[in-house]
Amino acid sequence: QKEVEQDPGPLSVPEGAIVSLNCTYSNSAFQYFMWYRQYSRKGPELLMYTYSSGNKEDGRFTAQVDKSSKYISLFIRDSQPSDSATYLCAMTLLNDMRFGAGTRLTVKP
Amino acid sequence: NAGVTQTPKFRILKIGQSMTLQCTQDMNHNYMYWYRQDPGMGLKLIYYSVGAGITDKGEVPNGYNVSRSTTEDFPLRLELAAPSQTSVYFCASSYSSTGNTEAFFGQGTRLTVV
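So the protein lines, in turn, are chains A and B.
Heads up: the first sequence at position 32 corresponds to 32 in my numbering, and the numbers run straight through without jumps.
Heads up: the second sequence at position 17 corresponds to 1017 in my numbering, and the numbers run straight through without jumps.
Please note: incorrect hints may appear among the correct ones.
To be verified - Here are some chain A residues pointing at chain B (derived, C-beta under 10 Å):
id, residue
1, Arg-41
2, Lys-42
3, Glu-45
4, Lys-67
5, Tyr-71
6, Asn-95
7, Met-97
8, Gly-102
Stated by the list, open to error - Here are the simulated DSS-like cross-link-like pairs (lysine-lysine), alpha carbons at most 27 Å apart as the crow flies:
id, chain 1, residue 1, chain 2, residue 2
9, B, Lys-1057, B, Lys-1009
10, A, Lys-56, A, Lys-67
11, A, Lys-2, B, Lys-1057
12, A, Lys-67, B, Lys-1044
13, A, Lys-2, B, Lys-1044
14, A, Lys-42, A, Lys-56
15, A, Lys-108, A, Lys-70
16, B, Lys-1057, A, Lys-42
17, A, Lys-56, A, Lys-2
18, A, Lys-67, B, Lys-1009
19, B, Lys-1044, A, Lys-70
20, A, Lys-56, A, Lys-70
21, B, Lys-1009, A, Lys-42
22, A, Lys-42, B, Lys-1044
Think of the hints as simulated: they come from the structure by calculation, not from any bench.
Quick caveat: nothing in here was measured; it's all calculated off a predicted structure.
We put the beta carbon where it would ideally sit given N, CA and C, even for glycine.
Taking the hints into account, I'd like the entire structure generated from these sequences.
Spelled out as structure tokens, the structure:
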């Protein structure tokens, strides 16, 4: 079993749709939970990070962490074509950041 | 702002050759990292450094070496290239541990070993 599981997709949605991206993990020692966005042929960029269970909102993006279920989610409201990218969940243990495989998202105009 | 700069962007190596992937950052970050990204596998940590003169192994260090003589530079060395090292390599830096601070990534180096 991988430490971090993420459905690689691809996921295709129409503009304006609500997108739900998810990851599960097996190591309960993970401390921080992050979502990175990676455009094609670019390095990942941090979108959001959370520490505790619950929701964190930033504009059209909401990150959700459920530590009891070892499950994290990223919701994108009113999705835009500019949101088309690969979304990577990540979680940290001391100085080691473990990534999911990434979900490739396409938002069609 | 240059951020994290990696060179080269692309490289083709023959089996058994060696090369150094360069990484430099201008943000005065103490922490630097090397990751490799393979299709469908996410990013895996190769080596990291918490400051000049200090390096440590990550999840997949075999076949690689690093050094950190200055705060700015963190080169990754491949001594005897193998086809299994075909990947996209990313260097990253952060102000402190990636736990609660953003890691800034370079544009990546696409390496093919034939």
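For each hint, the structure was consulted:
Using the Cβ-Cβ criterion of 10 Å, the hint placing A/Arg-41 at the interface with chain B is satisfied: the shortest such distance is roughly 7 Å. Taken as an interface hint, A/Lys-42 checks out: its beta carbon lies about 6 Å from the nearest beta carbon of chain B, inside 10 Å. At about 7 Å, the closest approach between the beta carbon of A/Glu-45 and any beta carbon in chain B falls short of 10 Å, and the interface hint on this residue holds. Taking 10 Å as the C-beta contact cut-off toward chain B, the hint placing A/Lys-67 at the interface is violated, the least distance being around 15 Å.
The beta carbon of A/Tyr-71 comes no nearer than 17 Å to any beta carbon in chain B, farther than 10 Å, and the hint placing it at the interface is violated. A least Cβ separation of about 5 Å between A/Asn-95 and chain B falls short of the 10 Å threshold, and the interface hint therefore holds. Using the Cβ-Cβ criterion of 10 Å, the hint placing A/Met-97 at the interface with chain B is satisfied: the shortest such distance is roughly 5 Å. Contact between A/Gly-102 and chain B, as hinted, is supported at the beta carbon level, the nearest pair being about 6 Å apart and thus within 10 Å.
Among the hinted pairs, B/Lys-1057 with B/Lys-1009 is consistent with the structure: their alpha-carbon atoms are about 24 Å apart, no more than 27 Å. With a CA separation close to 14 Å, the supplied pair A/Lys-56 and A/Lys-67 stays within the 27 Å bound. For the hint pairing A/Lys-2 with B/Lys-1057, the CA-to-CA distance comes to about 20 Å; that is within 27 Å, so the pair holds. About 23 Å separates the Cα atoms of A/Lys-67 and B/Lys-1044, which keeps this hinted pair within 27 Å; it holds.
Simply put, A/Lys-2 and B/Lys-1044 have alpha-carbon atoms about 12 Å apart, close enough for the 27 Å limit, and the pair holds. At roughly 26 Å between alpha-carbon atoms, A/Lys-42 and A/Lys-56 fall within 27 Å of each other, so this suggested pair holds. For the suggested pair A/Lys-108 and A/Lys-70, the alpha carbons sit about 31 Å apart, so the restraint of at most 27 Å is broken. Between B/Lys-1057 and A/Lys-42 the alpha-carbon distance is near 25 Å, which keeps this suggested pair within the 27 Å criterion.
Only pairs whose Cα atoms come within 27 Å are accepted, and A/Lys-56 paired with A/Lys-2 is accepted, the gap being roughly 26 Å. Using a Cα cut-off of 27 Å, the hinted pair A/Lys-67 and B/Lys-1009 is violated, with the two alpha carbons roughly 39 Å apart. Between B/Lys-1044 and A/Lys-70 the alpha-carbon distance is near 20 Å, which keeps this suggested pair within the 27 Å criterion. Using a Cα cut-off of 27 Å, the hinted pair A/Lys-56 and A/Lys-70 holds, with the two alpha carbons roughly 17 Å apart.
With a CA separation close to 11 Å, the supplied pair B/Lys-1009 and A/Lys-42 stays within the 27 Å bound. Simply put, A/Lys-42 and B/Lys-1044 have alpha-carbon atoms about 16 Å apart, close enough for the 27 Å limit, and the pair holds.
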